[in-house]
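Participant: Spelled out from the first residue to the last, the chains are:
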Amino acid sequence: MWVQRQIRLEPRPRGFHLVTREVVEALPELGDLSVGLAHLFIRHTSAGLTLNENASPDVRRDFASWADAAVPEDARYWTHTLEGSDDMPAHVKAALFGSTLTLPVAEGRLALGTWQGIYLCEHRDRGGARSLVATLYGE
Amino acid sequence: MWVQRQIRLEPRPRGFHLVTREVVEALPELGDLSVGLAHLFIRHTSAGLTLNENASPDVRRDFASWADAAVPEDARYWTHTLEGSDDMPAHVKAALFGSTLTLPVAEGRLALGTWQGIYLCEHRDRGGARSLVATLYGE
Amino acid sequence: MWVQRQIRLEPRPRGFHLVTREVVEALPELGDLSVGLAHLFIRHTSAGLTLNENASPDVRRDFASWADAAVPEDARYWTHTLEGSDDMPAHVKAALFGSTLTLPVAEGRLALGTWQGIYLCEHRDRGGARSLVATLYGE
Numbered sequence: 001m002w003v004q005r006q007i008r009l010e011p012r013p014r015g016f017h018l019v020t021r022e023v024v025e026a027l028p029e030l031g032d033l034s035v036g037l038a039h040l041f042i043r044h045t046s047a048g049l050t051l052n053e054n055a056s057p058d059v060r061r062d063f064a065s066w067a068d069a070a071v072p073e074d075a076r077y078w079t080h081t082l083e084g085s086d087d088m089p090a091h092v093k094a095a096l097f098g099s100t101l102t103l104p105v106a107e108g109r110l111a112l113g114t115w116q117g118i119y120l121c122e123h124r125d126r127g128g129a130r131s132l133v134a135t136l137y138g139e
Numbered sequence: 001m002w003v004q005r006q007i008r009l010e011p012r013p014r015g016f017h018l019v020t021r022e023v024v025e026a027l028p029e030l031g032d033l034s035v036g037l038a039h040l041f042i043r044h045t046s047a048g049l050t051l052n053e054n055a056s057p058d059v060r061r062d063f064a065s066w067a068d069a070a071v072p073e074d075a076r077y078w079t080h081t082l083e084g085s086d087d088m089p090a091h092v093k094a095a096l097f098g099s100t101l102t103l104p105v106a107e108g109r110l111a112l113g114t115w116q117g118i119y120l121c122e123h124r125d126r127g128g129a130r131s132l133v134a135t136l137y138g139e
Numbered sequence: 001m002w003v004q005r006q007i008r009l010e011p012r013p014r015g016f017h018l019v020t021r022e023v024v025e026a027l028p029e030l031g032d033l034s035v036g037l038a039h040l041f042i043r044h045t046s047a048g049l050t051l052n053e054n055a056s057p058d059v060r061r062d063f064a065s066w067a068d069a070a071v072p073e074d075a076r077y078w079t080h081t082l083e084g085s086d087d088m089p090a091h092v093k094a095a096l097f098g099s100t101l102t103l104p105v106a107e108g109r110l111a112l113g114t115w116q117g118i119y120l121c122e123h124r125d126r127g128g129a130r131s132l133v134a135t136l137y138g139e
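Protein chains in written order, with the working numbering: chain A, 1 to 139; chain B, 1 to 139; chain C, 1 to 139.
Check before you lean on any hint, since a few could be wrong.
Stated by the list, open to error - Looking from chain C toward chain A, a few residues come up when the C-beta cut is under 8 Å (computed): (1) N52; (2) T81; (3) G98.
What the hints contain is simulated information worked out from the structure, not anything from laboratory work.
It should be emphasised that the depicted structure is a prediction, and the values quoted were computed from it without experimental measurement.
All C-beta atoms in this analysis are idealised placements derived from N, C-alpha and C, irrespective of residue type, glycine included.
Working from the sequences, and respecting the hints, build out all of it.
Facilitator: Rendered as structure tokens:
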């Protein structure tokens, strides 16, 4: 069984955002899979997807602080600066945290750990709506 | 053909640990696949999976040194500190090195390069046993 | 439908290189898939694959600048130095940017966003030719 669908995520401010529920609700066919995989892919180069703690908002804020310190806007080595000071750091962060997730499906649900949630990593100040391609496969 | 199974990895100290043999031995059905993929997923937010050199223990030690320098415990921007000074760095490292691996299977074996091995990245001081979900599919 | 093939990428200098066209041309069976996934895997521990902007060469140069600053050759914590000063940083960069990509296939093509391209991340000064395993599956 294969299902493939685009999911639109509404614009969000720069930062790390928990989107597990939104993604699961867009994929009702998860319930038809006894075993399989769910592949999520973001069609952008300045935003990404990663997995991390689904409980404290502190954790998501600290992700943003670390990312801004590790990939600084004012580094003197940037040459691609025409699209704004948040642009090139956003590209690097997108590659570091990743653009794609493959998640196990078991008994009709994502087989995530208790504390795991899906993060939309919005690396631009005004990134706008983001488009995912979700592909479910299994039996 | 789909096979899905949980694999328990015994507690390990903080650091990068080679677990290729342990994972392969838990998946005897690899031998039944002429072509396919093996998906490995860790159900935690402070440990991860990555691929790297399977020979020198030096390499794994240097990974830990780099990670500790790049994601420092004493950075003043951390706010999520209740669970210990190793907690928030562990979350960030888990996202950087990743939680999931998809590996090609050919002629009944993982088609890894000669020098590639699977690392369990244990980012906590006392992370305890870790649980993987392994999903094999192919024909 | 499953197709699995090795793809050889010619030697390239250290840096980030756009290889989308080369990869797609090696996989004519993409055209036979109405829905599926393409899995790309590099069989090395000092080079990798990631997705990012397919337009400005500036972006790829800035990736290299960031990587060299974030994973410095002269850090005093490296102990695995026998294979050259670019070796251990190459291993860490390979793990950070990743060794594998899973990409959605729709209507016979990779369903990449407009600005997305596949980067070969060559982290060594003289890495030589690089070998990929590509696995297509779908229907």
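Participant: Which hints, by number, does the structure contradict?
Facilitator: 2
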